[in-house]
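J.: Make a model of the complete structure from these sequences and hints.
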Amino acid sequence: MRLQISPTSAHVRTVRLVTTAVARRTGLPDSVLDVIRLAVGEACSRAVSLHQAYAPGEMITVLLEDEGKFVVTVCDSAPAGAQTGHTDPLEFLAGVDSAEQRDSDLMPSGLGMAVIDGLVDDLEIAPASSGPGTVVRMSWPLAAQV
Amino acid sequence: MDLSLSTRTEGERTIVAVGGEIDVYTAPKLREQLIDLVSNGHYHLIVDMEAVEFLDSTGLGVLVGGLKRVRAHDGSLRLVCDQERILKIFRITGLTKVFPIHASVDEAVAATD
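Protein sequence lines correspond, in order, to chains C and W. Letter by letter, the first sequence follows residues 85 to 230 of the numbering used here. Letter by letter, the second sequence follows residues 14 to 126 of the numbering used here.
Hints listed in this document are in silico derivations from the structure and should not be mistaken for laboratory results. As the structure is a prediction and not an experimental result, all values here were calculated from the model. Positions of the beta carbon are idealized from the N, C-alpha and C atoms, including for glycine. There may be inaccurate statements among the hints.
[Said to hold, decoys possible] Here are a few chain C residues that face chain W, going by a calculated C-beta distance under 7 Å:
hint: 1; residue: Ser93
hint: 2; residue: Val96
hint: 3; residue: Val116
hint: 4; residue: Asp118
hint: 5; residue: Glu126
hint: 6; residue: Leu195
hint: 7; residue: Gly202
[Said to hold, decoys possible] Quick list of the computed label-pair ranges, beta carbon to beta carbon:
hint: 8; chain 1: W; residue 1: Ala123; chain 2: C; residue 2: Ala212; range: 49 to 55 Å
hint: 9; chain 1: W; residue 1: Glu97; chain 2: C; residue 2: Gly111; range: 18 to 24 Å
hint: 10; chain 1: C; residue 1: Asp206; chain 2: W; residue 2: Glu97; range: 21 to 27 Å
hint: 11; chain 1: W; residue 1: Lys110; chain 2: C; residue 2: Gly111; range: 50 to 56 Å
hint: 12; chain 1: C; residue 1: Gly202; chain 2: W; residue 2: Asp49; range: 27 to 33 Å
hint: 13; chain 1: W; residue 1: Asn53; chain 2: C; residue 2: Ala210; range: 47 to 53 Å
hint: 14; chain 1: W; residue 1: Arg21; chain 2: C; residue 2: Thr110; range: 39 to 45 Å
hint: 15; chain 1: W; residue 1: Pro113; chain 2: C; residue 2: Thr98; range: 30 to 36 Å
hint: 16; chain 1: W; residue 1: Glu45; chain 2: C; residue 2: Thr110; range: 37 to 43 Å
hint: 17; chain 1: C; residue 1: Ala105; chain 2: W; residue 2: Gln96; range: 20 to 26 Å
hint: 18; chain 1: C; residue 1: Arg108; chain 2: W; residue 2: Thr109; range: 25 to 31 Å
hint: 19; chain 1: W; residue 1: Asp119; chain 2: C; residue 2: Gly152; range: 47 to 53 Å
hint: 20; chain 1: W; residue 1: Glu97; chain 2: C; residue 2: Asp205; range: 45 to 51 Å
T.: As structure tokens, then:
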């Protein structure tokens with residue numbers, strides 16, 4: 085399945101709902117569905133935040149695959165210089181005043197990446213194959229088909 | 014919006030009961046509520062998350078912002094949450110060390126700072 089959303093924070097919940105519904109059909113347990121819901125939400129929120137700042141007219145793509153593994157891939161097209169690494173959550177705590185003073189209510193994408201990194205064992209982050217942007221690929225094993 | 018908010022006071026504490034999903038889209042509403050409370054002199058807050066179904070890093074950021082605001086007035090911000098799937102994001106980020114988290118509102122109200 086392929087979803088494309090404009091960089092609007094209201095759409096992130098839609099992607100969470102669709103992704104979780106597709107994941108549920110593969111028979112993954114609720115505890116894993118909760119992780120998938122949070123991980124795809126964080127990856128999309130990060131992409132939305134980057135696009136709003138650097139690529140407002142561009143769509144974000146989410147791919148869902150369920151053969152052998154359940155794979156969620158979030159593709160953004162924000163320029164490489166805009167990408168942030170992890171934010172240490174406790175540093176974030178120390179610095180949040182300045183973040184709050186910005187007009188944007190979106191938190192730095194680094195905290196979201198720290199959450200994804202903590203949640204997802206099989207995580208690949210790579211530059212987009214063409215043009216600017218990043219591909220965040222998150223996988224979960226599926227039980228062998230009986 | 015998929016977020017409900019209500020506030021009440023119990024003695025010195027102000028309890029903000031949150032329901033629904035706290036994410037990038039709805040977190041600003043919670044942020045405004047916390048800012049509002051602090052600017053109206055409520056510095057001892059309890060955020061009751063028993064009815065929260067989802068919390069992401071944006072929501073965490075809003076809670077951290079609230080904590081910083083009340084601390085600037087020697088206040089406190091306690092959380093009420095006993096759902097493992099919500100606590101998970103606090104554990105991953107290490108923020109369980111930062112927020113007092115209680116299993117019930119009664120426990121949060123009784124806690125001393």
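J.: Does the nearest C-beta of chain W fall within a distance shorter than 7 Å of the C-beta of Ser93 (chain C)?
T.: This interface hint holds because 4 Å falls under the 7 Å limit.
J.: Return holds or violated for the Cβ distance of Asn53 (chain W) and Ala210 (chain C) against the range 47 to 53 Å.
T.: 48 Å, holds
J.: Restraint: Glu126 (chain C) near chain W, CB-CB cut 7 Å. Satisfied or not?
T.: Result: holds, 6 Å to nearest chain W Cβ.
J.: Taking the closest Cβ pair, is Asp118 (chain C) under 7 Å from chain W?
T.: 5 Å, holds
J.: Please test the hint of 45 to 51 Å on the beta carbon pair from Glu97 (chain W) and Asp205 (chain C).
T.: With a Cβ separation near 19 Å, Glu97 (chain W) and Asp205 (chain C) fall outside 45 to 51 Å, so the hint is violated.
J.: Given the hint of 25 to 31 Å, check if Arg108 (chain C) and Thr109 (chain W) actually sit that far apart at their C-beta atoms.
T.: Taking Cβ atoms as reference, Arg108 (chain C) and Thr109 (chain W) lie about 29 Å apart, which means the hint holds.
J.: Grab the minimum C-beta distance from Val116 (chain C) to chain W and call the hint holds if it beats 7 Å, violated otherwise.
T.: Violated: closest Cβ of chain W sits about 11 Å from Val116 (chain C), beyond 7 Å.
J.: Given a cut of 7 Å on the nearest C-beta pair, is the interface hint for Gly202 (chain C) held or broken against chain W?
T.: 4 Å, holds
J.: Against chain W, run the beta carbon of Val96 (chain C) and see if the smallest gap drops under 7 Å.
T.: Result: holds, 5 Å to nearest chain W Cβ.
J.: In this structure, is the beta-carbon distance linking Lys110 (chain W) and Gly111 (chain C) contained in 50 to 56 Å?
T.: 36 Å, violated
J.: Taking 49 to 55 Å as the hint, is the beta-carbon distance of Ala123 (chain W) and Ala212 (chain C) inside that range?
T.: For Ala212 (chain C) against Ala123 (chain W), whose Cβ atoms are near 53 Å apart, the range 49 to 55 Å holds.
J.: Range first: 18 to 24 Å. Now tell me if the beta carbons of Glu97 (chain W) and Gly111 (chain C) are that far apart.
T.: At 21 Å between Cβs, range holds.
Violation of the numbered hints given earlier is confined to hints 3, 11, 20; the remaining hints are satisfied by the structure.
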